[in-house]
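Please model the entire structure based on the sequences and the hints provided.
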Amino acid sequence: MNQAAVNPAAVSAHRLGRRYGKLWALRDCSLRLGPGSVVALVGPNGAGKSTLLNILAGLIEPSEGEVRILGETPNDRVRSRVAFTAQNHPLYRSLTVAQTMRAGRLLNTEWDEPMARERFAQLDIPLDRRVGRLSTGQQAQVSLTLALAKRPQLLLLDEPLAALDPVARQVFMQTVMGAAADGEVTIVLSSHVITDLERVCDHLIVLDHGRVQVAGAVDDLLAEHTVLSGPADQAESLRRNHVVIGASTVGRQTIALVRGETPHDEAWRAEPVGLEELVVTYLRNPHQAALPGPRGIVKDQVA
Amino acid sequence: MIEFRLDTSSGVPPYLQIVRQVEHAIRLGLLRTGDRLPTVKEVASSLAVNPNTVLKAYRELDHRGLTSGKVGSGTFIEPSRSVVSPAQLKLLRRSLHNWIRGARAAGLTDADIDAFVADARKDIPERQIGEVRRDESGGR
Amino acid sequence: MMWLSWRLHRAAVFTFVLVIGGLVALYLVDSIRLHDLYAASGLEKCIGVLNDTSCATRRQVFLAENLGLLQHTDYVLAVVTGALGVVLGAPMVSTEFERGTWQWIWTQRISRTRWLAVNVTMMAVIIVGLGATLGAAYTWWYKPVAAQTGPFTNVSVFDNTPLMCAVFSLFGFAVGVAASAFLRRTLGAMGITVAVFLVTRFIVLYWLRPHYMAPIVVESPANQAERPLGFDARDWSFHSVWVDASGHEVSSTDVARLISPDLNPAAAGHQWYEVLQQNGIHYYTLVQPYQRGGIFQLIEAGIFLALIAICGTLAFWRIRRRTI
Numbered sequence: 001m002n003q004a005a006v007n008p009a010a011v012s013a014h015r016l017g018r019r020y021g022k023l024w025a026l027r028d029c030s031l032r033l034g035p036g037s038v039v040a041l042v043g044p045n046g047a048g049k050s051t052l053l054n055i056l057a058g059l060i061e062p063s064e065g066e067v068r069i070l071g072e073t074p075n076d077r078v079r080s081r082v083a084f085t086a087q088n089h090p091l092y093r094s095l096t097v098a099q100t101m102r103a104g105r106l107l108n109t110e111w112d113e114p115m116a117r118e119r120f121a122q123l124d125i126p127l128d129r130r131v132g133r134l135s136t137g138q139q140a141q142v143s144l145t146l147a148l149a150k151r152p153q154l155l156l157l158d159e160p161l162a163a164l165d166p167v168a169r170q171v172f173m174q175t176v177m178g179a180a181a182d183g184e185v186t187i188v189l190s191s192h193v194i195t196d197l198e199r200v201c202d203h204l205i206v207l208d209h210g211r212v213q214v215a216g217a218v219d220d221l222l223a224e225h226t227v228l229s230g231p232a233d234q235a236e237s238l239r240r241n242h243v244v245i246g247a248s249t250v251g252r253q254t255i256a257l258v259r260g261e262t263p264h265d266e267a268w269r270a271e272p273v274g275l276e277e278l279v280v281t282y283l284r285n286p287h288q289a290a291l292p293g294p295r296g297i298v299k300d301q302v303a
Numbered sequence: 304m305i306e307f308r309l310d311t312s313s314g315v316p317p318y319l320q321i322v323r324q325v326e327h328a329i330r331l332g333l334l335r336t337g338d339r340l341p342t343v344k345e346v347a348s349s350l351a352v353n354p355n356t357v358l359k360a361y362r363e364l365d366h367r368g369l370t371s372g373k374v375g376s377g378t379f380i381e382p383s384r385s386v387v388s389p390a391q392l393k394l395l396r397r398s399l400h401n402w403i404r405g406a407r408a409a410g411l412t413d414a415d416i417d418a419f420v421a422d423a424r425k426d427i428p429e430r431q432i433g434e435v436r437r438d439e440s441g442g443r
Numbered sequence: 444m445m446w447l448s449w450r451l452h453r454a455a456v457f458t459f460v461l462v463i464g465g466l467v468a469l470y471l472v473d474s475i476r477l478h479d480l481y482a483a484s485g486l487e488k489c490i491g492v493l494n495d496t497s498c499a500t501r502r503q504v505f506l507a508e509n510l511g512l513l514q515h516t517d518y519v520l521a522v523v524t525g526a527l528g529v530v531l532g533a534p535m536v537s538t539e540f541e542r543g544t545w546q547w548i549w550t551q552r553i554s555r556t557r558w559l560a561v562n563v564t565m566m567a568v569i570i571v572g573l574g575a576t577l578g579a580a581y582t583w584w585y586k587p588v589a590a591q592t593g594p595f596t597n598v599s600v601f602d603n604t605p606l607m608c609a610v611f612s613l614f615g616f617a618v619g620v621a622a623s624a625f626l627r628r629t630l631g632a633m634g635i636t637v638a639v640f641l642v643t644r645f646i647v648l649y650w651l652r653p654h655y656m657a658p659i660v661v662e663s664p665a666n667q668a669e670r671p672l673g674f675d676a677r678d679w680s681f682h683s684v685w686v687d688a689s690g691h692e693v694s695s696t697d698v699a700r701l702i703s704p705d706l707n708p709a710a711a712g713h714q715w716y717e718v719l720q721q722n723g724i725h726y727y728t729l730v731q732p733y734q735r736g737g738i739f740q741l742i743e744a745g746i747f748l749a750l751i752a753i754c755g756t757l758a759f760w761r762i763r764r765r766t767i
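Chains as they are written, first to last, in this note's numbering: chain D, 1 to 303; chain X, 304 to 443; chain V, 444 to 767.
Hints in this document: simulated from the structure, not taken from any laboratory.
Accuracy of the hints is not assured; some may be wrong.
[Stated by the list, open to error] In silico contact screen, one side only, chain D against chain V (beta carbon under 10 Å); selected entries:
#, residue
1, 17
2, 20
3, 60
4, 76
5, 79
6, 80
7, 86
8, 87
9, 88
10, 93
11, 95
12, 99
13, 106
14, 183
Glycine included, every Cβ here is placed at the ideal spot set by N, Cα and C.
This is the structure in structure tokens:
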């Protein structure tokens, strides 16, 4: 059965690259995001997350490679089904909330005004206040509502939590998960802090220095990696016989992150790995990768 | 209605925490037969957690026979024969205390004990709660 | 989209409406006084009269004494028409980048081209309207002076008509929008716009304007060099030159050398113009007759419209390229 035909990917990118002068912000990025997934896009600052999201949003053209959004090459029509909130939630500060909504309604073909109004009522955001006078958390909610009112099939959020306090963060994520539960939307959130996104995402992409280092379903990634602790003098043989992503030795003990098969002898104690530990270990070992396809053990995730 | 809480530092996967909280509530009589569980959207929203996680939890509860879901009308608690009486709980707790004293005397730390229990538990697979009841009444 | 564009720009537009409205009111009110004075002065009979000392003196006196404070406002007009362009044009694209809102507005259904087109069209109409109104008020007020000096000898008469005011403002606006699209910084765009605006106007005014049509060449005998015959006081003589018998230009230093008895013994005992005549040297003046004022304005407007089109094309082209 042709998976692609049955389950067209929300986003499919092939060897995407973006260059500024001599500097490649993004290089050789290939990914497939299945419809309905909630994807965490993680990586250190400057890794290329914003560049990637801007390309997916249709704001920048890649220097090389191809990308298909919702099955089409980026064009005006597709743009109306994609919603993007940039870092710092940019809005026209001199407009009131109601006027901002009006702008959104006028500039889009599909618009869910009742949903937007209900959301503002629930969040206690006054419609007649200028956006510039709202708190950062409220501005983030206005920005998110603008995006959701478009009824997008692809929702791209660039560092949505960075400027928010813990309460605002929770309210924001509650809204996003509500939208995810309604179904029919693929969500990509970027952050340089994985813990923000841990319980929210079901897929993970790790970008480092412009390249995709890890890509796959979170459940699969966690199932296929194990944290082993054991004697340092057996670390070498561990490396020889298993796929060790990264290891650190303190005194006589070594702690290693291993992918795939784990040794059966009792010298090594196994524990499941947490998402943050997984991401950090990969980031610290840039020559390692966990990608779908024959190279990696992560199953090819389509949906 | 049940209010869920997730403890991110516990090491227990979120979906399992939800399952256990439902089981716990059923055991203590806080959720009764016919009660409706909140919708996937309600839980996902209030916990700010991936809806698939909630779905997974609900599927597991359904699989264990604790709930049954009808598409469109919600998930309901099934008549369950798994209510554990306070007396049973007290007995179990006492025998566990004895065991722990023995383990401490042997020199196991808290972390060792947790690992030991988790490991030993794998030797005896978890059964459907209805079956446990049958075994008990058959005299154990 | 028009609603959004208006909503975002209305504060700036209102400011200009106030300023320009104020100026228009001043001109209209003062024109009553000025026109009455002019009618009473009888200078109408002096229109175009050259070589009449009485007319020349009375003209000078009238212009010096009666224009009042408003006579200095031709600079104000130049500034206001330039400002219309700079203030309304230079921030157009760059504020979207500075605010970050480009990442919202350009991910909506509207295309970038349409977005710019709506913004630009709306502002262009407003700017042309404001510019033309200001020019009309000024021209009405300045009518007596224009009648006396003609369109060329007094730059204000040429530059401050409704047509030219509108065109200059629109040009400033077009440069502003193009600068905005390339620089993406408002302050920088404003600076560039002012610079380009001034340099272009300067070049056009001093180097191009005299030559829109082939000038009339007036040859006058040396002794009447200063006062070419048969011309109107309103005509524009913009270049004068001594030419020898074979048609080559003779510099004034050479002329001075020829007519000075110390440097040229042959000049002794003769009138200076006799010496020149003997050497076959004539005085040529390049003149644009005053009647060509209207055509010249159309030609200059055409030049600026072409420049506006170029700026506009550049702006649209830059917007469409999705490279930041």
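Each hint tested on the structure:
The interface hint given for residue 17(D) is violated, since its Cβ lies 13 Å from the closest Cβ of chain V, which is over the 10 Å cut-off. The closest approach between the C-beta of residue 20(D) and any C-beta of chain V is roughly 8 Å, which is under the 10 Å cut-off, so the hint is satisfied. At a threshold of 10 Å, the smallest CB-CB gap from residue 60(D) to chain V is about 5 Å, leaving the interface hint in force. Below 10 Å, beta-carbon pairs count as interface contacts, and residue 76(D) has one with chain V at about 5 Å; its hint therefore holds.
Taken as an interface hint, residue 79(D) checks out: its beta carbon lies about 6 Å from the nearest beta carbon of chain V, inside 10 Å. Interface restraint check: residue 80(D) against chain V, minimum CB-CB distance 4 Å, threshold 10 Å, status holds. Evaluation of the residue 86(D) hint against chain V yields a held restraint, the C-beta minimum of about 4 Å falling below 10 Å. Among the interface hints, the one on residue 87(D) holds; its C-beta lies about 8 Å from the nearest C-beta in chain V, closer than the 10 Å criterion.
Among the interface hints, the one on residue 88(D) holds; its C-beta lies about 6 Å from the nearest C-beta in chain V, closer than the 10 Å criterion. Below 10 Å, beta-carbon pairs count as interface contacts, and residue 93(D) has one with chain V at about 8 Å; its hint therefore holds. Look at residue 95(D): its Cβ gets to within about 7 Å of chain V, closer than 10 Å, so that hint holds up. Because the smallest distance between the Cβ of residue 99(D) and any Cβ of chain V comes to about 7 Å, under 10 Å, the interface hint for this residue holds.
Interface restraint check: residue 106(D) against chain V, minimum CB-CB distance 6 Å, threshold 10 Å, status holds. Restraint check, residue 183(D) versus chain V: the minimum CB separation of about 22 Å is more than 10 Å; hint violated.
Going through the hint list in order, the structure does not satisfy hints 1 and 14.
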